[in-house]
Amino acid sequence: PQPQCPYPGCSVVAVENACACGSLPPVPWFYCTLKYFCFTVVMSLYLLILCANVLLIVVICVNRSLHEPMYMFLCSLFVNELYGTSSFYPKLLHDLLTNSYVITYTACLGQMFVTYSYIFSEFTSLTVMAYDRYIAICKPLQYRMLMTAQKVAQLLMLTWCFSVFETAVGTVLTARLPLCGRHIPKIFCTNWEVVKLSCSDSTLNNIYAFMLIFSHLSQTALIMVSYVHLIRAAIRSQADRRKFMQTCLPHLITLLVFTTSLMFDTMYSRYSGGSTMKALQNALAAQFLVVPPLINPIIYGLNLLTLDTVAPMKTSNQKYLTPRYNSQTRSLKQMTRKLESHKFRGSSFSLEK
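Quick note on the UniProt record's numbering: the sequence shown kicks off at 1 and runs consecutively.
These are calculated hints, taken from the structure and not from any lab test.
Take these hints with a grain of salt, some might be off.
Said to hold, decoys possible - Below, a list of computed lysine-lysine pairs in the DSS-like style, where the Cα atoms sit at most 25 angstroms apart:
#1 K186 with K196
#2 K139 with K243
#3 K139 with K151
#4 K35 with K91
#5 K196 with K91
#6 K186 with K91
#7 K186 with K35
Could you build all of it, start to finish, from the sequences and the hints given here?
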């Protein structure tokens with residue numbers, strides 16, 4: 001017989017020999033009174049994330065002066081924000097409208113794949129950006145030689161391919177497990193919640209999870225080492241300090257925001273509260289899909305505006321140079337003309353002789 005979900009408005013969709021039923025906590029005020037209010041808030045938040053990230057992607061692509069390695073990595077980061085949120089917000093908006101908090105097993109695995117590849121790509125992107133800033137500040141004379149267009153393309157390809165590959169392996173390991181349960185106590189599918197529903201041994205999944213944790217902790221260590229060198233360089237030089245504040249501080253804020261948001265999700269997994277706390281737990285668990293995609297465009301958007309105001313002073317075009325430099329250039333040209341004039345007169349006088 002078809003199993004029944006114990007949650008209001010939730011049904012079970014069987015896929016092969018498994019079924020999955022993700023559900024929001026059955027809190028009456030959330031289901032009824034504030035349903036449309038929550039839908040409006042979530043929709044507004046999603047539209048804001050879309051507009052902010054798309055706007056910065058267009059600005060970087062259109063403005064040729066921003067076709068530098070740092071901005072290419074930022075563009076990749078903004079694309080990743082759009083990619084990660086695409087698996088969460090549309091499904092949540094649909095659930096809020098229909099009161100049918102159900103997802104097929106295949107769709108659940110797909111949501112897991114997009115979510116975790118987004119997380120891994122975010123960490124890898126932040127690592128690559130830390131490496132780029134380390135070369136730019138600590139080895140400025142070698143920057144153009146080390147960060148070529150080919151090298152930037154290779155780093156971007158590595159960021160995405162590595163994240164997709166490690167996520168695909170984890171998803172395949174989870175998909176092979178037969179499921180005995182069907183209730184996911186979250187508003188989105190996660191690997192750990194699905195693995196807990198399995199009927200067979202999940203030792204291989206646990207080993208692979210520890211390998212992933214070690215891999216991305218190593219990336220975090222590399223970021224920290226890079227920032228130790230960057231802070232040392234910033235202390236020694238005022239110019240490096242200014243460059244650190246303009247380009248590295250936003251990156252550090254992004255790293256802290258994303259790591260803190262992931263910690264909320266970890267706290268959710270370990271916190272065993274009652275049903276009255278489920279709404280708060282779900283809100284905390286989804287922070288890494290809410291805060292970084294919204295905060296990153298704001299941080300880097302303000303930074304782009306700051307850099308744009310000082311960019312004219314760094315160009316080689318004469319009309320942007322300082323008045324003092326222009327006057328010195330004119331004086332040098334006048335002296336050159338006088339020398340050439342005296343030289344010509346001297347040669348004419350010798351010929352008359």
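Hint by hint, here is what the structure shows:
Our distance criterion of 25 angstroms between C-alpha atoms is met by K186 and K196, whose separation comes to about 13 angstroms. At most 25 angstroms may separate the alpha-carbon atoms for a hinted pair to count; K139 and K243 meet this at roughly 13 angstroms. Restraint check for K139 and K151: the C-alpha separation of about 16 angstroms stays at or below 25 angstroms, so the hint holds. Annotation: proposed proximity of K35 to K91 holds, straight-line Cα distance about 15 angstroms (limit 25 angstroms).
Only pairs whose Cα atoms come within 25 angstroms are accepted, and K196 paired with K91 is accepted, the gap being roughly 22 angstroms. This hinted pair checks out: K186 and K91 have alpha carbons roughly 13 angstroms apart, not beyond 25 angstroms. A C-alpha spacing of about 17 angstroms is found between K186 and K35, which places the hinted pair at or below 25 angstroms, so the restraint holds.
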